[in-house]
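*Asks:* Quick mapping for you: the protein sequence lines, in order, are chains S and D.
Just so you know, we're using this note's numbering here: the first sequence kicks off at 14 and counts up by one.
Just so you know, we're using this note's numbering here: the second sequence kicks off at 14 and counts up by one.
Just so you know, these hints were derived from the structure itself, not from any lab.
Just so it is clear, CB atoms sit at the ideal spot from N, CA and C, and this is done for glycine as well.
Careful: at least some of the hints might be erroneous.
To be verified - Reference listing, derived: stretches of chain S covered by chain D, where coverage requires no fewer than 3 residues with Cβ under 8 Å from a Cβ of chain D:
hint	segment
1	156-169
2	195-209
3	223-237
4	278-288
5	311-322
Protein chains: 2
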Amino acid sequence: MNSDIDIIVSEVGPRDGLQSIKTVMPTGEKIRWIESLAHAGLREIEVGSFVPPKLLPQMADTAEVVRAARNIARLTVVALAPNHKGAELAIASGAHSITMPVSASRAHSASNLRRTPEEAVEDVRKVRQLCDNASRDKRPRLEVGIATAFGCSMEGPVSEEWVMQLAVKLAEAGADSIGLSDSVGFANPTQVKRMFGNLRHEIGAKAGAAHFHNTRGLGLANVVSALDAGVTTFDSSQGGLGGCPFAPGATGNIITEDLVFMLESMGLRTGVNLERLIDARAVLRGALPNESLYGNVPDSGLPKGFVYARQS
Amino acid sequence: MNSDIDIIVSEVGPRDGLQSIKTVMPTGEKIRWIESLAHAGLREIEVGSFVPPKLLPQMADTAEVVRAARNIARLTVVALAPNHKGAELAIASGAHSITMPVSASRAHSASNLRRTPEEAVEDVRKVRQLCDNASRDKRPRLEVGIATAFGCSMEGPVSEEWVMQLAVKLAEAGADSIGLSDSVGFANPTQVKRMFGNLRHEIGAKAGAAHFHNTRGLGLANVVSALDAGVTTFDSSQGGLGGCPFAPGATGNIITEDLVFMLESMGLRTGVNLERLIDARAVLRGALPNESLYGNVPDSGLPKGFVYARQS
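Generate the whole structure from the sequences, applying the supplied hints.
*Replies:* This is how it looks when you write it as structure tokens:
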């Protein structure tokens, strides 16, 4: 963590947002958007995903985007890699951090990742080796987000004990950080506080980011609880890009603009300038004129007399 | 508080929602909606406002609505009264509870209530007398919500010390409960926890309801903090009716459907059945086909395996 910020807002729009929409954003536009997000003060951006272009043509240019994003000062460039092959490409492109999805729900794991959670843990172990064997300047950090950690639209409730066991296995397999993801909007604030508390108890400093969706309107409420449990990294997406397939008008990921506003209002330094974040939103809007963008703060503006968290 | 619920969700849609829109809902429709809300399990509903019909024609039938709502078993019927005259009418109609608005911001108080905060305190003192002089079966509870308690779109930040002084004055003037209202979406979770904590410290059991708006997306996040500070009554509006004049697409009041879902998910009993609440929403939709209704839970549905807070 940089000492001049309290909370890392990890922008996932260029990956999670863009892969959820049909339009393919041209590479140049992606890079311009990522640059403007970084200019707003975001220190960590998930810029793409190393998946086969046949599956996700929106992500076909990820290597090029990673290389461009590496030129931005102070930015941690994150790339998603679903497997060993993706991790090889991520390392070759120079991503600072690789994030691998592992799903706690067996049904979700089978349908989305086509493997069991145990097999996914073994993949992480192999990618750990790959990272360790990389040349020093290209050795990435290895992160895992446990998907469906709070419930699954196929299975319903997911055993919290099992999620913790999985987190311990992943820590043993060599992940540097393990976060919990509410991929489908099941989490509630009580559960969030309990689970992130337990996660820290189980794996200590390897306890990672919170990834919340706003499917049922509880996104920022869950952030408040996660803050209480000591979480310091939150994923979010500019404009809630990508929306939510279940809920017309509802966002998928929590909205970066509203998250930053809330954190700064609470006296927590994010390093992000909201006016510049709105400029970045204009870049996104220009590149994707037909996509829905969400956010209450962009609509309402900042409250009169708003001050950022103090830089001490 | 009824012993079978943990949190009172106080529905303000028939007052706060309906007075914010141009359409005048016919009296029969209002009563049908209120009955369906009560049927869903809501125990407290603010059914109207005793203001001059010239100012708010939407509220001209409040006496009739109060009388009808009094026939609903187990329902606390609340009416807003901006002044002595309104309180007389509220008592005559048989409202169980009168709520009076007092604004902490001098600019807002002058423009919206046409009096100083000190004059508003004196009004509360006179209405206290009025309530005490009412016949026993018509003696209402007297509640105050301090508007602009977290900030004001005219003044900007409002002194928290002043808000507490005002709460103490109102308690001395005879209000039974004093709540804090974020009328314009300025509150943040840190401030909410601090202020409701201070309120309880200053006026003990007279510390009242939290009234949050979702103008900047922080409505439910603020509820989580208020719960931490011991608040047990929350105002909300079905479908976020009334919207927010500053923010297209943003709600004014927090949304009853999403609030109930969050509380029940957290293990807090509200007594409200979400399926029946959706039925009440259909009644509202039928009566006001052209108004925007909001809510993530109505769009997304309940998560698979959802269970209500346990009835112990």
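*Asks:* Does each hint fit the structure? Answer for all of them.
*Replies:* Status of each hint after checking the structure:
Counting residues of the segment 156-169 of chain S whose beta carbon lies closer than 8 Å to any beta carbon of chain D gives 6, which reaches the threshold of three, so the coverage claim holds. Judged by the Cβ-Cβ criterion of 8 Å, the segment 195-209 of chain S is covered by chain D as claimed, because 7 of its residues qualify and three suffice. Judged by the Cβ-Cβ criterion of 8 Å, the segment 223-237 of chain S is covered by chain D as claimed, because 9 of its residues qualify and three suffice. Given as covered by chain D, the segment 278-288 of chain S passes the check, having 3 residues with a CB less than 8 Å from a CB of that chain where 3 are the minimum.
With 6 residues having a beta carbon nearer than 8 Å to a beta carbon of chain D, the segment 311-322 of chain S meets the requirement of three or more and the stated coverage holds.
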